[in-house]
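S.K.: So you can see what is in the structure, the chains are spelled out below.
Number of protein chains: 2
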Amino acid sequence: MEKEYTIAIDAMGGDYAPKEIVEGVLLARERYENINFNLYGNKGQILAIIGDRDQNRIKIINTTEIIEMGEEPVKAVRSKKDSSLVAAADAVKNGEADALFSAGNTGALLASGIFIVGRIKGIQRPALLTVLPSVADEKRSWVFMDAGANAEVKPSYLYQFAVIGNFYAKNVLKRKDPEIKLLNNGEEEDKGDRIHIEAHQLLKNSKHLNFTGNIESRYLLEGNADVVVADGFSGNAALKAIEGTALSMFSGLRKVLTDSGLTTKIGAALVKPALKKFAAVLDYNQAGGAVIAGVKAPVVKTHGSAKAPAVANTIGQIKTILEKDFVGNITNYIQQNPDEFK
Amino acid sequence: MEKEYTIAIDAMGGDYAPKEIVEGVLLARERYENINFNLYGNKGQILAIIGDRDQNRIKIINTTEIIEMGEEPVKAVRSKKDSSLVAAADAVKNGEADALFSAGNTGALLASGIFIVGRIKGIQRPALLTVLPSVADEKRSWVFMDAGANAEVKPSYLYQFAVIGNFYAKNVLKRKDPEIKLLNNGEEEDKGDRIHIEAHQLLKNSKHLNFTGNIESRYLLEGNADVVVADGFSGNAALKAIEGTALSMFSGLRKVLTDSGLTTKIGAALVKPALKKFAAVLDYNQAGGAVIAGVKAPVVKTHGSAKAPAVANTIGQIKTILEKDFVGNITNYIQQNPDEFK
Numbered sequence: 006m007e008k009e010y011t012i013a014i015d016a017m018g019g020d021y022a023p024k025e026i027v028e029g030v031l032l033a034r035e036r037y038e039n040i041n042f043n044l045y046g047n048k049g050q051i052l053a054i055i056g057d058r059d060q061n062r063i064k065i066i067n068t069t070e071i072i073e074m075g076e077e078p079v080k081a082v083r084s085k086k087d088s089s090l091v092a093a094a095d096a097v098k099n100g101e102a103d104a105l106f107s108a109g110n111t112g113a114l115l116a117s118g119i120f121i122v123g124r125i126k127g128i129q130r131p132a133l134l135t136v137l138p139s140v141a142d143e144k145r146s147w148v149f150m151d152a153g154a155n156a157e158v159k160p161s162y163l164y165q166f167a168v169i170g171n172f173y174a175k176n177v178l179k180r181k182d183p184e185i186k187l188l189n190n191g192e193e194e195d196k197g198d199r200i201h202i203e204a205h206q207l208l209k210n211s212k213h214l215n216f217t218g219n220i221e222s223r224y225l226l227e228g229n230a231d232v233v234v235a236d237g238f239s240g241n242a243a244l245k246a247i248e249g250t251a252l253s254m255f256s257g258l259r260k261v262l263t264d265s266g267l268t269t270k271i272g273a274a275l276v277k278p279a280l281k282k283f284a285a286v287l288d289y290n291q292a293g294g295a296v297i298a299g300v301k302a303p304v305v306k307t308h309g310s311a312k313a314p315a316v317a318n319t320i321g322q323i324k325t326i327l328e329k330d331f332v333g334n335i336t337n338y339i340q341q342n343p344d345e346f347k
Numbered sequence: 006m007e008k009e010y011t012i013a014i015d016a017m018g019g020d021y022a023p024k025e026i027v028e029g030v031l032l033a034r035e036r037y038e039n040i041n042f043n044l045y046g047n048k049g050q051i052l053a054i055i056g057d058r059d060q061n062r063i064k065i066i067n068t069t070e071i072i073e074m075g076e077e078p079v080k081a082v083r084s085k086k087d088s089s090l091v092a093a094a095d096a097v098k099n100g101e102a103d104a105l106f107s108a109g110n111t112g113a114l115l116a117s118g119i120f121i122v123g124r125i126k127g128i129q130r131p132a133l134l135t136v137l138p139s140v141a142d143e144k145r146s147w148v149f150m151d152a153g154a155n156a157e158v159k160p161s162y163l164y165q166f167a168v169i170g171n172f173y174a175k176n177v178l179k180r181k182d183p184e185i186k187l188l189n190n191g192e193e194e195d196k197g198d199r200i201h202i203e204a205h206q207l208l209k210n211s212k213h214l215n216f217t218g219n220i221e222s223r224y225l226l227e228g229n230a231d232v233v234v235a236d237g238f239s240g241n242a243a244l245k246a247i248e249g250t251a252l253s254m255f256s257g258l259r260k261v262l263t264d265s266g267l268t269t270k271i272g273a274a275l276v277k278p279a280l281k282k283f284a285a286v287l288d289y290n291q292a293g294g295a296v297i298a299g300v301k302a303p304v305v306k307t308h309g310s311a312k313a314p315a316v317a318n319t320i321g322q323i324k325t326i327l328e329k330d331f332v333g334n335i336t337n338y339i340q341q342n343p344d345e346f347k
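First to last, the protein sequences are chains A and B. The first sequence begins at 6 in this note's numbering and counts up one residue at a time. The second sequence begins at 6 in this note's numbering and counts up one residue at a time.
Worth flagging that the hints you see were computed from the coordinates, not collected in a lab. Values in this document were obtained by computation on a predicted structure and should not be read as measured data. Take these hints with a grain of salt, some might be off.
Copies of the same chain look alike in the list, so a pair counts if it fits in one copy or across any two.
[What the hints assert, rightly or not] In silico PhoX-like pairs for lysine-lysine, Cα to Cα no more than 20 Å straight-line: (1) Lys86 - Lys179; (2) Lys301 - Lys175; (3) Lys270 - Lys282; (4) Lys282 - Lys260; (5) Lys324 - Lys179; (6) Lys209 - Lys80; (7) Lys80 - Lys196; (8) Lys329 - Lys48; (9) Lys260 - Lys144.
Bound conformation, chain A alone (with noise of 0.2 Å):
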């Protein structure tokens, strides 16, 4: 028999929460038979979207408050104790459930993941791992981390992202034997500030990764790596660059496509399903969502704009962080290399 789980839903989180958070957890439960729900959040309101569908696997706990997107996320956490996310997060503590989901406040969730679930024993700093496409190559998407929870970092933390990103590629990414980079304003070792040159020696160092160098931000969506490293600051302008230029190139494309003559928007109605397809390859929020990475459980934020499809394919996306032991992996490798961890 399948090993079972429970996952803590934070049902209120998001811009359509708790609607869509709960018809995805609906999805989930028929997709995945070895997954419980515990969800938090208003239990009338829940009940009234489950209806007359039945609540098998799925268990409410009422709370009464909520966290909204633009609250200050520490204080936020440690002020609303009967808000869905930070009882979720209690409960996945407390050993009640195996993990946490949210689609709400980011800052908030991963405030819950460092003080509520914990760190793990020897992680100086958990940090915001996503999971980015390959442009050039549509079956290597690649993980990246820091994404932004630490702005300022020392090396010995990039040299830990790097352990727990060859993990999670390993496990949930299916990846042999990871290549790792580190982000770098220059190929050669000595490029960088000083603690980008001290992690680069640590990397390369590492007798259990297989780090093979520095890579620049301009190469990140050619697929040429399947763990980059960054520090939450440049890894962060990094990323929103990417995801800034996609969307205004879109936004761009639409309207010389549909501003310019009509030979253009004939060529244009027949390329659509093309640029369409396309436009799904470089969506990165279909690859599922943001982990809080170094906790000691499964910590996993879809973005806000979430609907019940995307809701399920990141339970889908937690089901695998369980079942590989993506944490226990973490934990015992820290146990197996103390002296990488002091």
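With chain A fixed as given, assemble chain B onto it according to the hints.
M.R.: Okay, now just chain B, sitting in the frame of chain A:
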């Protein structure tokens, strides 16, 4: 009568040097009547390219060495005293020329600017200034600096970049009261690491700058600022990510449009002119060269693959920088506001 200027030209730097550099100079000579050109390089080769065309306003100074694209910049500038680049930089230093042009090794040009032409008194760190397009508003190109010269910065450097960028936006882009933003990982003033938080306060408290807050890299191409100030590390990460995403997307687009069925192929043929026009908007190399800003004379780099028209355009950009006295304006500002430049 128009004031005359002399530009020192590194005729041997760039993928198509000296041919396209010399042809670009000849093109620029036709356009700009008040510019004289001192060409540094292999005299025999340069003369062969000029052929039977006249040498009005052109002076050729023979040099025997070339700094290659891959060479270690500082070492190359120090050791190759008779290279076309170092000789041209020396001419600017000695007052024989008013500005320096090169399509060669960027790092070597940066080193020549800093060590030979020299910093403006009061400027702590010269930086790489580049002009980028806005996809949302074609008319609102914007100044970005530092694009990668300084991997490590202090808050005061970022402040100085803003002063420099402000004059560039005024003098060269003809903006009245340039809107200045700081590249950061969030819009709120407490975002970022300590350096960016402190720089934000310096900029906010300036009496002379129209600072309107932080900008995330997501919005860079939306045309929301006239000047964006960044540290050279995350600035480089954002810039290269924009460049890489645009290039990856165009190659990905080409693939879906040509690998698909007949309908898409026909459509692709019809939209091709519109796509080409759109690609031109994004090709920031067309907008001219990158400026080593904060040194005592205009030092401008055009891209290595520049052909004659791009060379001539960059010379036009240098002409504007000279005529508007960009360097003089910075120097005067520092003299008038000495407490900002301690």
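S.K.: So which hints don't hold here, by number, going up?
M.R.: 1, 6 and 8
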